[in-house]
Amino acid sequence: MSFLEQNNEFAKAKPFVTAVIVAAGNSTRMGGVNKQFLLIDGVPVLIRTLLAFSQSDMIDEIIVAAREEDIPKMFAMIKEYKVLKVTDIVKGGKTRQESVFNAIRRSSPLSEYFAIHDGARPLVTEKIIEDTVREAFSTGAAATGVRVKDTVKVVNENGFITATPDRNYLWAVHTPQVFERRLYLSAIDNVLNSEMFTDDCKLLEEYGAEVKMVEGSYENIKITTPEDTDIAQAILYRREQL
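Counting along the sequence shown from 1, when you hit position 240 you're at 240 in our numbering, and nothing is skipped either side.
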């Protein structure tokens with residue numbers, strides 16, 4: 001079988017994957033400036049994120065969760081940059097979980113996996129997306145991340161060190177985080193009206209499911225502070241030189 005035939009066979013057999021891009025934050029640490037619209041090398045943060053997922057063969061549709069007042073501008077940007085696969089932009093909720101839930105309710109009935117990603121991680125690569133999605137196909141739940149470089153300390157309420165975890169077992173989790181549809185819906189139904197979580201892996205952990213970590217890249221940064229845009233710009237420049 002030729003390479004092209006193998007690719008065609010994979011496309012036929014591949015489960016349908018919906019990417020959920022969470023872009024509904026209030027950008028508090030940006031002084032109220034919406035980080036999704038900040039330019040990195042002339043291209044908005046959100047557009048860079050959407051293009052990475054749009055260009056991935058692993059992704060079949062994209063749904064964005066955003067602040068209601070930002071939705072018209074986002075639709076206009078998507079049209080301007082000719083981003084494919086975006087089927088809807090939905091109003092985000094009061095929490096990350098609510099935003100994700102609002103998005104997946106609008107997903108295709110064909111969808112078998114959700115790839116949940118921070119809109120403010122514009123340097124995600126197609127390789128990271130593919131590696132994480134493929135692992136989720138095997139395990140049901142997977143997330144990309146990197147091993148922690150620094151020594152981490154546990155500190156009490158008075159600021160004193162109480163423990164030093166073994167760095168060999170510590171990872172900084174990134175996105176995308178990819179989950180089998182039925183597993184994720186069961187988990188979110190289990191905790192939707194209880195404790196809120198800062199990432200979807202924690203939601204699955206509380207449900208009792210295991211999430212496989214996939215080695216990602218230290219370049220997959222989240223734009224959180226104004227300095228992060230300078231770092232992202234430098235990373236892009238370095239990529240162009242390789």
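The reader is advised that the hints may include incorrect statements.
What follows is a list of derived Cβ distance ranges for each label pair [stated by the list, open to error]:
(1) P165 to S186: 43 to 51 Å
(2) T95 to P226: 19 to 27 Å
(3) T224 to T139: 34 to 42 Å
(4) R134 to N168: 19 to 27 Å
(5) Q233 to G208: 40 to 48 Å
(6) Y81 to N168: 38 to 46 Å
(7) I161 to D57: 28 to 36 Å
(8) K82 to E130: 17 to 25 Å
(9) T87 to N156: 46 to 54 Å
(10) R182 to K73: 16 to 24 Å
Just so you know, these hints were derived from the structure itself, not from any lab.
As the structure is a prediction and not an experimental result, all values here were calculated from the model.
For every residue, glycine included, the Cβ atom is placed at its ideal position computed from N, Cα and C.
To see whether the hints hold, each was checked on the structure:
no.	hint	result
1	P165 to S186: 43 to 51 Å	30 Å, violated
2	T95 to P226: 19 to 27 Å	25 Å, holds
3	T224 to T139: 34 to 42 Å	29 Å, violated
4	R134 to N168: 19 to 27 Å	25 Å, holds
5	Q233 to G208: 40 to 48 Å	42 Å, holds
6	Y81 to N168: 38 to 46 Å	42 Å, holds
7	I161 to D57: 28 to 36 Å	47 Å, violated
8	K82 to E130: 17 to 25 Å	22 Å, holds
9	T87 to N156: 46 to 54 Å	48 Å, holds
10	R182 to K73: 16 to 24 Å	35 Å, violated
Hint compliance for this structure: hints 1, 3, 7 and 10 are not met, and every other hint is.
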